[in-house]
Amino acid sequence: MNGDVLVYVETRDGAVNPSSLELLTAARQLADALGGKVDAVVAGSSRGAVEALAGIADRVLTATHPALEQYIPEARQALLRSVIVERNPAIALFAYGVAGLDLAADVAVRTDRPVIDFCTKLSATGDEIEATSLIYGGKLRAVSRARTPAVAVIVPGAFPEAQPAPTRRTITVEIAAPPQLDALRTAFIAETRPAEGEVDLASAAKILCVGRGVRDQASVAVARQVADALGAEIAGSRPVIDNGWLGKERQVGKSGSRVKPKLYLAVGVSGAPEHLEGMSGAELIIAINTDAKAPIFGVAHFGATCDLFDLLPALGERLERGQEA
Amino acid sequence: MQIGVALRLIPDASGELEIAEGGKDVDREWIDLKLNEFDDQALEEALTLKECGGATVVALAFEGLGADRLLQTALARGADRAIKLRNPLGDDPPARGAARLLAPTIRDLGLDLVLTGVLATDGINGQLAPLLGATLDWPHASAVSGIRFDAGAIVVRQEAEGGFSTTLRVGLPAVIGVQAASRPIRYVSGTKLRQFIGEKFAPMGSDADSGDLGTELVRLERPQSEGSAVMLEGDADTVAEALHTLLIERRLAKGAPR
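Protein chains in written order, with the numbering used here: chain A, 192 to 516; chain B, 328 to 585.
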């Protein structure tokens with residue numbers, strides 16, 4: 192084992208995902224502490240991503256194979272396993288998201304490494320890492336240690352995005368595709384993209400997001416009226432979407448959109464880590480939740496614990512009156 | 328076709344969670360346990376597959392407080408068989424140990440497909456679906472919200488970030504981490520539940536596990552809420568007025584406050 196830190200880089204349309212750039216900030220801190228290098232793994236041909244990593248990673252490890260051109264979990268698992276066995280980094284980092292779920296625990300088991308989930312802080316000394324993780328939907332923090340080599344899954348938003356250092360020389364290393372890629376049991380069929388012209392939460396200036404606390408569709412309708420009066424897009428956290436009260440395209444969080452509006456009004460949202468990762472970059476966050484200990488208040492700028500069923504009509508009335516003025 | 332569903336009872340995080348003496352676990356004295364909400368979705372998806380494709384559904388849960396009731400409820404909802412596994416790892420076994428304990432039983436039962444919830448928030452040592460898939464050396468995929476059978480395989484829809492989704496064909500046997508079932512969780516009547524209330528389940532499986540996770544929990548903490556939120560006090564009307572004023576001041580709403 193060396194002091195290197197390996198980052199699995201996620202890309203979309205040739206661009207590096209913000210959560211991967213955040214991992215690269217964490218990786219640099221850890222590699223500096225361990226006296227190692229930062230390796231960024233890019234699966235499939237993605238020249239744009241490789242160029243974007245110049246001045247950020249020390250080495251960009253690329254692998255090409257037809258099975259790596261789309262996202263096939265089994266193919267990525269085989270690639271990561273192969274790279275980690277060959278290079279034996281002290282720490283391998285993944286972003287908490289679908290790929291992080293598919294890959295991190297898998298490579299941990301198959302390369303006999305410990306794995307720590309939901310990390311918001313991570314430090315390394317000698318042959319050990321110490322992590323702080325959000326558990327129970329962010330209600331508690333777990334501080335833990337693991338021997339290295341180890342795998343860690345970092346919650347998006349925990350670190351700033353890495354910026355290129357003009358003096359850092361980045362080399363690109365083409366690595367061999369593992370033979371398992373020719374005998375996969377999983378096949379890619381199709382990717383579905385969000386429909387054009389539908390709501391684009393990522394570019395919305397104002398968002399009113401409803402959470403589990405709204406309890407039913409009728410209350411979502413009331414929230415929608417308030418959103419209309421505010422000129423905001425209505426959005427929902429996962430339980431609201433799973434209940435069918437709003438369409439999937441209106442979901443904020445891990446499996447929905449990552450948003451950065453000027454205003455994020457969260458109503459009845461508890462603030463599980465997978466929700467916070469999608470919205471904690473908003474300029475102004477206002478949270479309404481009757482549970483004063485709800486994690487959403489940890490990221491909100493303003494909050495209130497009053498009953499949302501009373502608040503929404505009262506706020507809607509004022510906003511409508513303001514529009515008429 | 329046999330579908331196994333791994334079900335876990337975890338502390339209900341919607342209630343108060345106190346840290347136990349010693350600082351390394353939640354205080355389980357007064358805590359409510361509930362079925363992990365994503366496991367609930369996994370069970371529903373398994374039952375939907377059974378109805379669509381003629382599969383047998385086997386509910387799997389570790390022994391411990393509430394396990395019998397959990398399995399009885401699974402039978403009442405439509406599972407064909409319920410199995411209680413031995414659990415040498417104590418309450419709420421860590422997912423990595425749970426995967427090691429589940430794997431031999433899953434092989435012995437000859438299951439074709441194992442579904443479980445995409446995640447549980449009660450532990451830090453990995454999520455069960457990928458841990459189990461890797462332990463069994465079966466293909467696996469997480470964050471799945473739709474499954475159908477397709478000639479000896481399954482076709483799954485995997486929900487990615489930003490409204491993207493990927494459709495994959497996964498050869499069997501396989502493990503799937505379910506995000507959401509294809510339809511809402513079914514209601515179980517009291518009458519139906521009472522049919523299974525007397526069912527007892529003899530523990531099966533191995534009672535030996537090293538318990539090694541490679542990690543050491545140092546302590547649990549309650550997050551300081553960073554003190555960032557300025558709390559607006561008063562009843563709903565007062566808060567609405569304060570919010571409206573704030574939004575106008577920030578040029579995020581039109582009008583003049585009262």
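Please note that the accuracy of each hint is not assured.
Claimed, not checked - The list that follows gives simulated cross-link-like pairs (lysine-lysine, DSSO-like), each with its CA atoms no further than 27 Å apart:
#1 B:Lys377 x A:Lys439
#2 B:Lys361 x B:Lys527
#3 A:Lys397 x A:Lys453
#4 B:Lys581 x A:Lys453
#5 A:Lys439 x A:Lys397
#6 A:Lys453 x A:Lys484
#7 B:Lys351 x A:Lys451
#8 A:Lys451 x A:Lys484
#9 A:Lys312 x B:Lys351
#10 A:Lys451 x A:Lys397
#11 B:Lys361 x B:Lys581
#12 A:Lys397 x A:Lys484
#13 A:Lys397 x B:Lys581
#14 A:Lys451 x A:Lys439
#15 A:Lys484 x B:Lys519
#16 A:Lys228 x A:Lys312
#17 B:Lys519 x B:Lys377
#18 A:Lys484 x B:Lys377
#19 B:Lys527 x B:Lys377
#20 B:Lys377 x B:Lys361
#21 B:Lys361 x B:Lys351
Stated by the list, open to error - Going by beta-carbon spacing under 7 Å, a handful of chain A positions derived as facing chain B:
#22 Tyr262
#23 Ala296
#24 Glu382
#25 Val411
#26 Gly438
#27 Glu440
#28 Cys497
Bear in mind the hints are in silico, worked out from the structure with no lab data behind them. Small disclaimer: the values here were computed from a predicted structure and weren't measured. Even glycine gets a Cβ: it sits at the ideal position worked out from N, Cα and C.
Discussion item. What's the verdict on B:Lys519 and B:Lys377, does the C-alpha distance respect the 27 Å limit or exceed it?
Written reply: Judged against 27 Å, a Cα distance of about 19 Å means the pair holds.
Worksheet item: Should the hint that A:Cys497 touches chain B count as held when the rule is a Cβ pair under 7 Å?
Response: holds, 4 Å
Discussion item. Would the hint linking B:Lys361 and B:Lys527 be met if the CA-CA limit is 27 Å?
Written reply: holds, 20 Å
Worksheet entry | Given hint A:Lys312 paired with A:Lys228 - CA-CA distance at most 27 Å | Holds, because 20 Å separates the two Cα atoms, which is no more than 27 Å.
Item to complete: Would you check the hint for B:Lys351 and A:Lys451, treating anything up to 27 Å between C-alpha atoms as holding?
Response: violated, 36 Å
Discussion item. Need the status of pair A:Lys312, B:Lys351: alpha-carbon distance at most 27 Å?
Written reply: holds, 18 Å
Fill in: Given hint B:Lys519 paired with A:Lys484 - CA-CA distance at most 27 Å
The given pair, whose Cα atoms are some 38 Å apart, is violated under the 27 Å limit.
Worksheet item: Within 27 Å, alpha carbon to alpha carbon, are A:Lys397 and A:Lys453?
Response: holds, 6 Å
Fill in: Given pair status - A:Lys397, A:Lys439, alpha carbons within 27 Å
holds, 18 Å
Item to complete: Take a quick look at whether A:Lys397 and A:Lys484 sit within 27 Å of each other, Cα to Cα.
Response: holds, 25 Å
Worksheet item: Taking the closest Cβ pair, is A:Tyr262 under 7 Å from chain B?
Response: holds, 6 Å
Worksheet item: Can the restraint linking A:Lys451 and A:Lys439 be considered satisfied, given a maximum Cα separation of 27 Å?
Response: Distance ~18 Å between A:Lys451 and A:Lys439 Cα, so the pair holds.
In this structure, the hints that do not hold are numbers 7, 11, 15, 18, 25, 26, in rising order.
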